[in-house]
Amino acid sequence: MIFYLLRRIVYTIPIMIGVAFFCFLLVHISPGDPLVSILPPDASIELQKQLMKLYGFDRPWFEQFATWFWRALHGDLGTSIASGRPVAAEVMRAVGNTLMLACMATLIGFLFGGLFGFVAGYFRDSWVDRIASALSVLGVSVPHYWLGMVLVIIFSSWLMWLPATGAGPGGSGEWAWDWAHIQFMLLPAITMSVIPMGIIARTVRALVADILAQEFVVGLRAKGLTDLGIFMHVVKNAAPTALAVMGLQLGYLLGGSILVETVFSWPGTGLLLNSAIFQRDLPLLQGTILVLATFFVVLNLLVDVLQTTLDPRIQRS
Amino acid sequence: MSKPNLRTRGLGALVGSTLLALSFASGAVMAQEKVLRIGMTAADIPRTLGQPDQGFEGNRFTGIPMYDSLTQWDLSKADAASVIIPDLATSWAVDAKDKTKWVFKLRPGVKFHDGSAFNADAVVWNVQKVLDKTARHFDASQVGVTASRMPTLRSARKIDELTVELTSSEPDAFLPINLTNLFIASPAQWEAKYKAVDAAVTDPAERAKKAWTAFAADASGTGPFKMSAFAPRERLELVKNAAYWDPKRRPTIDKVVMLPLPEANARTAALLSGQVDWIEAPAPDAMEQIRSRGFKIYSNPQPHIWPWQLSFAEGSPWLDKRVRQAANLCINRSELKAFLGGMMGEAKGIVSPDHPWWGNPSFDIKFDPKTATAMMVEAGHTADKPLKVKIQVSASGSGQMQPLPMNEYIQESLKQCHFDVQLEVLEWNTLFTNWRKGAKDASANGANGINVSAAAMDPFFAMVRFVSTKTFPPVSNNWGYFGNEEFDALVATARTSFDDKARDAALARLHARIVEEAPFIFVAHDVGPRAMSAKVRNVVQPKSWFIDIATMKMD
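Residue numbers (the numbering used here), protein chains in the order written: chain A, 1 to 317; chain B, 318 to 872.
There are no misleading hints in this set.
Covered stretches of chain B, going by a simulated chain A footprint (3 or more residues, C-beta under 8 Å):
#1 460-474
#2 549-555
#3 573-582
#4 590-598
The set of hints was computed from the structure by calculation and includes no laboratory data. No residue lacks a Cβ here, since even glycine has one placed at the ideal position from N, Cα and C.
Using the sequences and the hints given, assemble the complete structure.
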């Protein structure tokens, strides 16, 4: 197990270097001016050159990359061009907020997705299966952005039950797990949960149906096990795959919530990325992508380890 | 005297207790804090350290409320052009012998929010922060947004406690206007932050950088509002400065909370759900709903121009003046305005006819397709042989209003006057970068026009950069290479007319000639729509990019 773990950790190193290199390259080859956030387009060419030098953008790209990567290895992701604040602090604050939202969304998605999936799989081809399957297809198909807006219109603009934007009455810095704050999280979390809900439901449905058709279930029934006992065996057998899917979904939610966080002005990594892209704030963009990529890689590693623990056959293969 | 009976005494007690309760209630209402919550379009709180980013929205929300400058825009009138008035300088004059030197007399008795005094040293310090690379407090991150807006300012020198001398690189009558962009931050507060930087940080430049970061989180200016709380990217709270030096702008609103809400529908929902009292740029489709729910929508044409800037490079179809004027006469701006729900000012030039720089041009920009078509036929273009033009546009962008539907409307309109318009849609930052490179650069990709809207607050940015031969790319934004000796002479005259009236008269002559020569297709002025709760009173939306929060009141 330790060897397996070490092997997986070693594999992540080239992945991380590759991610860092490509994200650096992508933001540098995209068109536009890296100083657009602090330099109006009507600024003189002399001023532009002066600032390019002051910020080091006049140096060759590989030199810029080497400097940036070396500092990043030491935990210094540089300073945001637009805000002048350290990128690492900005990203970590946003990661914390997104993590809260993503966990809530994953929890909702896993609970309801798992429920729909088990029910649909257990009662395959019944009307219950059809309703649960329809809901899961709907969840996968509905665009996040649109659903978020619809929820805001209904629950904020019309009914005025829930706040439309933000992360609490005093901002995320004063976050507390009470109703005054949780109400700010509900709409974005529900919006974000529908895709994982749909995916988990479909996965679990297929798994349950597949497991129920296996011979060991017939054997368990022959041994006189109750339905609840059989159900527990099915859950245990379906869990590794369902967990893997949930882990991946959590990973996607961590990095893939730009639209939802923008609609709800939730101060997470999605909103941060959106802001960095529109302001062409390269240090912030690179730093955020690198941190998100790291999270994704680490999450995948954790899921693999968890799967191996639950099902030792994976390790052997 | 009869003794009051029980019923009378009971009634008296009831009235008394009611009055008492009412007085407590009114006391409670009086004591209730008046908080104004604003949803901005910015994705982040504009920088708070004195020189805001995020364009003029930054100046509007973290500049003007928290800081003063030597000169300021008059934001007290909605029905007249916003002009320059004294702020921290009470008067100014150019040196009679050396026109590169200006003397500014400063306002006495002004204090920063930290209690330190405003004086000539503070002005010199604030000029150094962006122009003197050797100064300890020089901050590269503030240079871009400041130096570009006062391109000729070079240095400042203290004459006495309340007098400073500013030096420009060349005689420049526009300098007092440009100085609205230099916000005066507190040197004492910055010094305190500098001293508080961890002693382990020994590099002076790094210490200065950290001091500015700390200053941004606990800023100090002389403005009508003081910073009280700051959560990066989430909210900024300001409280009233009860000791503000100008009694007419001393706030009655206790607290202002600013929230970055970049998405138009999210802002609108925040307003409708009562989360905020004021939003910038509501979603256009929601205007009627906003009005029907009792909110007020304010708008007024801003110093802003939404044009097609035309190419004068060799081979450009716009070299023929008849073609340029025909295109200007072929757009029904009233219909376009209606199409945008009324949220547009109809452009008749760079500035509007009520502006001091208008100048009565002989070419009247209006909708006259008959004359336009006749001019095009005279120039050799017919329905069978339309003139092909190509324009680079964006799908979105700061100040661009609604570029795609607006450009498609113009494309369709010009068809009736024998134009065949091809639109090339680019990403906003790419278009912005191309703007500086010019029509002769490969980035123009054969286009002979570009649609980049622009602020027209001061003479350089409104006119000079578009018509001077000294501002050809890549120096500035004369994308189309328009200009000649006549325009250079008009610019020079305006720049060296140091009397305000003479300067405005010179600028009016320049503007009139620009409209007559039509190097642009003048289409629209943005009107800066904002929606507010009815409980926000005393709102004056001036003809400006800015608005004065200090004079507003709240029920």
